[in-house]
Amino acid sequence: MVQRLKPEVRQRILDAAALVFAEDGFEKARLADIAKRAGTVTSNLYKYFKNKEEVFYAVVPPSHAAQLLRLLRARLRELEARGDWLESDQKDWPAAQAQLDFWVSERLSVLILLRGANGTRYDHIRDLFIKEMERQTLNYLRKNSGLADPDEHLNFILRRQFTRTAEMIVDILECYCERSDIEATLTHFWRFQLAGLSHLLKG
1170 MVQRLKPEVR QRILDAAALV FAEDGFEKAR LADIAKRAGT VTSNLYKYFK NKEEVFYAVV
1230 PPSHAAQLLR LLRARLRELE ARGDWLESDQ KDWPAAQAQL DFWVSERLSV LILLRGANGT
1290 RYDHIRDLFI KEMERQTLNY LRKNSGLADP DEHLNFILRR QFTRTAEMIV DILECYCERS
1350 DIEATLTHFW RFQLAGLSHL LKG
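Numbering (the numbering used here), first residue to last: 1170 to 1372.
Heads up, none of these hints are tricks.
SDA-like cross-link-like pairs, simulated, lysine to any residue; straight-line CA separation at most 25 Å:
1) K1219 / G1288
2) K1300 / R1242
3) K1221 / R1199
4) K1300 / F1358
5) K1300 / M1337
6) K1197 / I1294
7) K1219 / G1194
8) K1197 / R1181
9) K1221 / S1232
10) K1197 / R1276
Distance windows between CB atoms, simulated:
11) E1223 / N1308: 36 to 44 Å
12) E1321 / P1230: 34 to 42 Å
13) T1332 / Y1226: 20 to 28 Å
14) Y1226 / R1328: 24 to 32 Å
15) H1322 / S1367: 18 to 26 Å
It is worth saying that the hints were derived from the structure and are not from the lab. C-beta atoms are modelled at their ideal positions from N, C-alpha and C, and glycine is treated no differently.
Can you build the whole structure from these sequences, using the hints too?
And the structure:
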(Lines of atoms letter the chains of each structure in order from A and count residues from 1; the text may use other names and numbers.)
(Lines give C-alpha, C1' and ligand atoms only; values in the text may rest on other atoms or scores of the structure.)
Protein backbone atom coordinates (compact mmCIF):
# COMPACT_ATOMS: atom_id res chain seq x y z
CA MET A 1 0.00 0.00 0.00
CA VAL A 2 1.40 3.37 -1.04
CA GLN A 3 1.75 5.73 1.90
CA ARG A 4 -0.22 8.95 1.53
CA LEU A 5 1.90 12.05 2.05
CA LYS A 6 0.27 14.87 3.96
CA PRO A 7 0.52 18.40 2.52
CA GLU A 8 0.38 19.92 6.00
CA VAL A 9 3.40 17.88 7.12
CA ARG A 10 5.34 18.91 4.02
CA GLN A 11 4.52 22.54 4.72
CA ARG A 12 5.63 22.19 8.35
CA ILE A 13 8.94 20.81 7.12
CA LEU A 14 9.39 23.72 4.71
CA ASP A 15 8.50 26.29 7.38
CA ALA A 16 10.98 24.72 9.79
CA ALA A 17 13.65 24.48 7.10
CA ALA A 18 13.29 28.17 6.24
CA LEU A 19 14.01 29.07 9.86
CA VAL A 20 16.97 26.70 10.14
CA PHE A 21 18.53 27.81 6.83
CA ALA A 22 18.05 31.47 7.78
CA GLU A 23 19.70 30.94 11.16
CA ASP A 24 22.48 28.48 10.30
CA GLY A 25 22.96 28.76 6.54
CA PHE A 26 22.79 25.87 4.12
CA GLU A 27 26.20 24.39 4.92
CA LYS A 28 25.67 24.13 8.69
CA ALA A 29 21.98 23.23 8.59
CA ARG A 30 21.14 19.62 9.47
CA LEU A 31 18.12 17.64 8.42
CA ALA A 32 17.82 16.38 11.99
CA ASP A 33 17.39 19.96 13.22
CA ILE A 34 14.81 20.68 10.52
CA ALA A 35 12.85 17.54 11.39
CA LYS A 36 12.93 18.33 15.10
CA ARG A 37 11.71 21.86 14.50
CA ALA A 38 8.92 20.52 12.28
CA GLY A 39 7.80 18.15 15.04
CA THR A 40 8.75 15.00 13.17
CA VAL A 41 11.72 12.67 12.72
CA THR A 42 14.41 12.59 10.05
CA SER A 43 13.19 9.30 8.59
CA ASN A 44 9.78 10.87 7.99
CA LEU A 45 11.37 13.91 6.36
CA TYR A 46 12.97 11.61 3.77
CA LYS A 47 9.50 10.55 2.66
CA TYR A 48 8.96 14.11 1.43
CA PHE A 49 12.43 15.16 0.28
CA LYS A 50 15.40 13.20 -1.04
CA ASN A 51 18.09 15.31 0.61
CA LYS A 52 18.97 18.68 2.10
CA GLU A 53 19.44 20.23 -1.35
CA GLU A 54 15.90 19.38 -2.37
CA VAL A 55 14.55 20.92 0.83
CA PHE A 56 16.64 24.04 0.28
CA TYR A 57 15.45 24.70 -3.27
CA ALA A 58 11.85 24.10 -2.22
CA VAL A 59 12.31 26.81 0.42
CA VAL A 60 14.20 29.22 -1.86
CA PRO A 61 13.12 28.68 -5.48
CA PRO A 62 15.03 30.33 -8.36
CA SER A 63 12.23 32.88 -8.69
CA HIS A 64 13.17 34.34 -5.29
CA ALA A 65 16.80 34.85 -6.28
CA ALA A 66 15.78 36.44 -9.58
CA GLN A 67 13.22 38.68 -7.87
CA LEU A 68 15.74 39.88 -5.28
CA LEU A 69 18.07 41.15 -8.01
CA ARG A 70 15.31 42.43 -10.30
CA LEU A 71 13.79 44.56 -7.55
CA LEU A 72 17.21 45.89 -6.54
CA ARG A 73 17.91 47.02 -10.11
CA ALA A 74 14.49 48.69 -10.32
CA ARG A 75 15.14 50.45 -7.01
CA LEU A 76 18.54 51.70 -8.16
CA ARG A 77 17.08 52.97 -11.45
CA GLU A 78 14.43 54.80 -9.46
CA LEU A 79 17.08 56.45 -7.29
CA GLU A 80 19.06 57.45 -10.36
CA ALA A 81 16.00 59.05 -11.93
CA ARG A 82 15.14 61.04 -8.80
CA GLY A 83 17.39 63.80 -7.55
CA ASP A 84 15.49 64.50 -4.35
CA TRP A 85 16.67 61.53 -2.31
CA LEU A 86 16.52 63.28 1.04
CA GLU A 87 13.43 65.44 0.51
CA SER A 88 10.96 62.93 -0.93
CA ASP A 89 8.85 60.54 1.08
CA GLN A 90 9.94 57.21 -0.36
CA LYS A 91 6.57 55.68 0.53
CA ASP A 92 5.52 57.26 -2.76
CA TRP A 93 8.30 55.52 -4.71
CA PRO A 94 6.89 52.41 -6.46
CA ALA A 95 10.18 50.50 -6.74
CA ALA A 96 11.06 51.18 -3.10
CA GLN A 97 7.68 49.86 -1.98
CA ALA A 98 7.86 46.81 -4.26
CA GLN A 99 11.27 45.95 -2.83
CA LEU A 100 9.99 46.39 0.73
CA ASP A 101 6.95 44.21 -0.03
CA PHE A 102 9.24 41.41 -1.21
CA TRP A 103 11.64 41.72 1.71
CA VAL A 104 8.72 41.49 4.15
CA SER A 105 6.76 38.70 2.43
CA GLU A 106 9.87 36.61 1.70
CA ARG A 107 11.93 37.72 4.69
CA LEU A 108 13.53 34.34 5.38
CA SER A 109 14.39 33.77 1.71
CA VAL A 110 16.11 37.17 1.58
CA LEU A 111 18.06 36.34 4.74
CA ILE A 112 19.12 33.02 3.25
CA LEU A 113 20.14 34.53 -0.10
CA LEU A 114 22.19 37.31 1.51
CA ARG A 115 23.76 35.25 4.27
CA GLY A 116 23.09 31.53 4.15
CA ALA A 117 23.48 30.37 0.56
CA ASN A 118 27.11 29.22 0.59
CA GLY A 119 27.38 25.77 -0.92
CA THR A 120 24.34 26.24 -3.14
CA ARG A 121 23.79 27.48 -6.68
CA TYR A 122 22.90 30.84 -5.12
CA ASP A 123 26.23 31.39 -3.39
CA HIS A 124 27.03 34.21 -5.85
CA ILE A 125 23.82 36.16 -5.23
CA ARG A 126 25.13 38.19 -2.29
CA ASP A 127 28.16 39.29 -4.30
CA LEU A 128 25.94 40.20 -7.27
CA PHE A 129 23.71 42.21 -4.94
CA ILE A 130 26.71 44.22 -3.70
CA LYS A 131 28.28 44.63 -7.14
CA GLU A 132 25.01 45.87 -8.62
CA MET A 133 24.85 48.69 -6.08
CA GLU A 134 28.48 49.52 -6.77
CA ARG A 135 28.02 49.41 -10.56
CA GLN A 136 24.97 51.65 -10.60
CA THR A 137 26.64 54.19 -8.32
CA LEU A 138 29.70 54.35 -10.56
CA ASN A 139 27.49 54.75 -13.64
CA TYR A 140 25.72 57.63 -11.93
CA LEU A 141 29.05 59.24 -11.07
CA ARG A 142 30.26 58.95 -14.66
CA LYS A 143 27.09 60.56 -16.00
CA ASN A 144 26.74 63.35 -13.48
CA SER A 145 30.21 64.28 -12.30
CA GLY A 146 32.29 63.84 -15.44
CA LEU A 147 34.25 61.08 -13.73
CA ALA A 148 35.87 58.86 -16.35
CA ASP A 149 37.32 56.13 -14.17
CA PRO A 150 37.09 56.03 -10.38
CA ASP A 151 40.35 55.71 -8.50
CA GLU A 152 41.18 52.71 -6.37
CA HIS A 153 40.30 54.58 -3.18
CA LEU A 154 36.73 55.30 -4.28
CA ASN A 155 36.32 51.73 -5.50
CA PHE A 156 37.52 50.52 -2.11
CA ILE A 157 35.06 52.75 -0.23
CA LEU A 158 32.07 51.83 -2.40
CA ARG A 159 32.79 48.12 -2.18
CA ARG A 160 33.09 48.22 1.61
CA GLN A 161 30.09 50.50 1.99
CA PHE A 162 27.76 48.32 -0.05
CA THR A 163 29.05 45.18 1.66
CA ARG A 164 27.96 46.78 4.92
CA THR A 165 24.66 47.76 3.31
CA ALA A 166 23.94 44.09 2.60
CA GLU A 167 24.94 43.24 6.17
CA MET A 168 22.62 45.92 7.56
CA ILE A 169 19.69 44.62 5.52
CA VAL A 170 20.34 41.17 6.96
CA ASP A 171 20.57 42.57 10.50
CA ILE A 172 17.27 44.42 10.13
CA LEU A 173 15.41 41.44 8.66
CA GLU A 174 16.85 39.17 11.33
CA CYS A 175 15.85 41.48 14.17
CA TYR A 176 12.37 42.45 12.98
CA CYS A 177 9.47 40.45 11.53
CA GLU A 178 6.68 43.01 11.31
CA ARG A 179 6.42 45.25 8.27
CA SER A 180 6.05 48.41 10.35
CA ASP A 181 9.28 47.69 12.25
CA ILE A 182 11.21 46.73 9.11
CA GLU A 183 10.00 49.82 7.25
CA ALA A 184 10.76 52.21 10.12
CA THR A 185 14.27 50.83 10.63
CA LEU A 186 15.05 50.79 6.92
CA THR A 187 13.84 54.39 6.63
CA HIS A 188 16.38 55.49 9.25
CA PHE A 189 19.11 53.51 7.53
CA TRP A 190 18.34 54.80 4.02
CA ARG A 191 18.36 58.40 5.26
CA PHE A 192 21.77 57.85 6.78
CA GLN A 193 23.08 55.99 3.73
CA LEU A 194 21.66 58.28 1.07
CA ALA A 195 22.85 61.43 2.82
CA GLY A 196 26.43 60.20 2.55
CA LEU A 197 26.04 59.05 -1.04
CA SER A 198 24.32 62.29 -2.01
CA HIS A 199 27.23 64.31 -0.63
CA LEU A 200 29.72 62.07 -2.43
CA LEU A 201 27.92 62.34 -5.76
CA LYS A 202 27.78 66.11 -5.51
CA GLY A 203 31.56 65.96 -5.13
